[in-house]
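Trainee: With chain A fixed as given, assemble chain B onto it according to the hints.
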Amino acid sequence: MKAWESIINTAMLGTDKPTPAIADLPEEVALIANAIEASAGLDKEERYLQKAAVIYNYRQSGFIPFQKNDLPANKALAETKPYCSPEAAGVLNAILGEENDQLLQLWLMQCCKSGQLLMPDVLPVVFEKAQKEMVLRKAVIECSGNRGVWLSKMNPAWNWFTTIADEELWQMGTSAQRSEILKSLRLNEPAKALEWLQQTWEQENAAGKLELLKAMKVNSNANDLPWLEGLLNEKGQKVKDEALALLKSISGSSVVKQYQQLLRESVSLKKEKALLGLTTKTSIQIKLPAVVDESIYKSGIEKLSGPKSTVTDENYVIYQLISSVPPAFWEDQFEATPIQIVEYFEKYAPAMVPALANAVAKFGQKNWVPFFLGQSMFYPDFVEMLSGREQEKYLLKALGNDPQNTIAQAIRISDEWGTEFAVSALLKMANWPYEYNRGFFTRYISLVPVGALKHVENITSQQVNLQPTWDKTRNHLINLLNLKQQTLKAFNAKKL
Amino acid sequence: MANPAKWVSKGISEEALWGECQGSGSKPYQTQVDLGAIAFKCSCPSRKFPCKHGLGLMLLCAREPDLFAKSTMPAWVSDWINKRAEKEEKKVEKAAEKSVDENAQAKRVQAREQKVSAGIAELMVWIKDIVRGGILTIPEKTPAYWDNMARRMVDAQASGLAGMVRNLGATNFWNDGWQSGFIDKLLQLYLIAEGYNNIQNIDPDLQQDLRTVIGFTTNQEELRAQTGVSDTWLVIGKESRDEQQLTIEQNWLYGLKTNSYALVLQFTVKGQFPPLNFSPGMYLDATLVYFPSALPYRAIVKDYNIIRQIDNVNIKTFTGWQQVAGYETILNSRLPFRSEMPLVIASLTPVFYQKQWWLQDSESCLCKISASYTNIWQLIAISGGDPVNMAVIGRENEYRPIGVWHQNNYKSI
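Chains A and B are the protein sequences, given in the same order. Take the first sequence: its letter number 425 is residue 424 in numbering that gives the first Met the number 0, and every next letter is one higher. Take the second sequence: its letter number 147 is residue 146 in numbering that gives the first Met the number 0, and every next letter is one higher.
If we strip away everything but chain A, and leave its shape as in the complex, we get (with noise of 0.2 Å):
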């Protein structure tokens, strides 16, 4: 409005500027600023005032709103599924007060099993929390519906709505992307991961090889072998370093046969008669050859025990090599099948052990695993090569004796623990409130299990001064357990 912006104007540079002209006002205003400037005993800055309050009163009067006739229809299409039901959504709501990206994860997954999806008026503060949480996304996606795809457009931060195929991500992806890109493909189809990386292989800068090698490591097999081995050959020592890591991951590579090789000649299984042939003496020859291959110590094998050591450095070079080869190796040298090597290295070689279930693990040789669970001594990476009741009961067992690091590795799982597990390992944790506190469990509500409601209130710490502290934390333990409970049945889960 001109009167308006000329009012401006005046105010800008103060009252000793021209004010409007009379002719330039429309007629209403015009009368009134004529009667203005014709009142006596009006100053300059009074005249400006009460003109600039009539046009100012005019003007929000006489507003006009602005017509766009053209502007093309934008609309979502209409959804096939059906939205959650309202105790679902309260449920959500409460999650996201609460913050919890763990009973998010669950909420969403419950959400996309049920076939349903958000409510249109949560999809944005979803959509922020998967910006944030990529692992979220895929539920996120599914659970959100044409609406979602709709909206999602209309905001560049939330691109991640469009999926690109695999092989273009790959080829012009950031190199977070393309990792987890061979990542995922390396899971299904570990051949064409690799045929991928090898193709683009020499385009690569060196940091960009390592994490690309990083990636390798899942599902890798001896079909990876000849490349890998032609990588030793490699300008950048970390990218040797990670291919030499992943050979040795691998039975079959060459610098796994020499490591059995040497073991072939240091250790072996002696059967000697005794008492008058009446009996068998057996034992386990352990002795390193007189002359050892310089190599394997280039390879990552330590060749002292260091000062402080109890063990001797040949023993030292021994277990280092048993924890290095695929534990099959000793099936052939001991001529036995897996439970008797284990009992042989039980019995004639026991500080031995530690080092054959290091090469089940790392071999993953879960056939193997059943051999060691007797024994007293915990083996931290077998819990994941466990599964179902049998990983429950390993736990168990550990927790007795070493509850933090059992918990330790128990938060390492991927599934939920048993209630049995779960209310064992709460109660030794109500005695150290400080480190289980209400951080842990919002990072691990996942784990713990609605079973686990009903004894959690009679869970007390055992030392009466941190009694307090435990409440606290089983206060918000007990709410996370609830919205649990709560989103399991809001969508009828079986799982309650």
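No false leads were mixed into what you were given.
To be clear about the criterion: a stretch of chain A counts as covered by chain B if any three or more of its residues have a C-beta under 8 Å from a C-beta of chain B, and this derived list gives those stretches:
#1 0 to 7
#2 52 to 65
#3 73 to 84
#4 148 to 159
Reference excerpt, derived from the structure (chain B facing chain A, CB under 8 Å, subset only):
#5 2
#6 126
#7 135
#8 186
#9 332
#10 335
In case anyone wonders, no lab produced these hints; they're calculated from the structure. Glycine included, every Cβ here is placed at the ideal spot set by N, Cα and C.
Mentor: Below, chain B alone, put in the same frame as chain A:
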């Protein structure tokens, strides 16, 4: 505490909510909530007020109302509720008994009016100084420049004007086009000051508006004695802000039968509960008494009952921006220095045009969505590109949504 297992017994009546919570002691804690004017009492030893038992009980009732059977209050609850009612009655009686020294009161009123007049004279000089020198250098003024004048207004017992001066100084001078907003506010201040100088010559209702905006208080007990407007009111918006030690809560209400809007303000000391606890989307059967005004808007709640749910709500909405413009013209003619008021408008669609968001009506007329509005994505997600009925606050061509009707429910955004 919001867990049913914690509560040995529980119940609800029109006046109160109660329950017995099993704590660490042998006897359960007796927790009670006055639902009339929210207040808590609990037999637990907690120093926190309200305690977790009171809050937990309310939360449980809100989450799972079916768990609370309507029943007569047990003695321990009715005793407390009766005592509170007696206390309230005594307070009213005491206030009524208070003898008023009319002469002294008149003298006090006169003295205050003189002080206000003197303050306004000073304010006029200050406003004229600003327009004489021009506002080009106004952004360079130090906070003391605004604070000094605000303090003068406080000394002149014109706290409303003091707030307006502070608000003028709080203009965002970094924004493009700050000059227009600044002059708007300056002219409002001028209109009020000049209006007060001529108060004898104007309409009595407008006189009340001027007095209220300057800072004269209205006796709320006298207001409460008036008949008021009875209606079913929908709470369409609620906002709180802190000012020094006070929390100021604005509740916007819409009367379904009378098609009228009201603003209920509550002032509480920080951390305390306001006497009325409204939330957007809530329906009340209530009687409101408007403050005397040329444009009745601010009101007090005389009495109310919360209604759980209303089906098939019939709201007389504005049909579009043209109608809003006409309505605002009427409002401006009645009260030229009015504040922003809420409006319920039918079929508005958020659209993106010329790098900003607008609200488009069914006639393709557009008004801007205020740049300070933060829930734009939620609004768009709810709309899905379809028109929705919406409650907005603003003026001229800029508004911010405060709520929408979505799937037959009102949702604050």
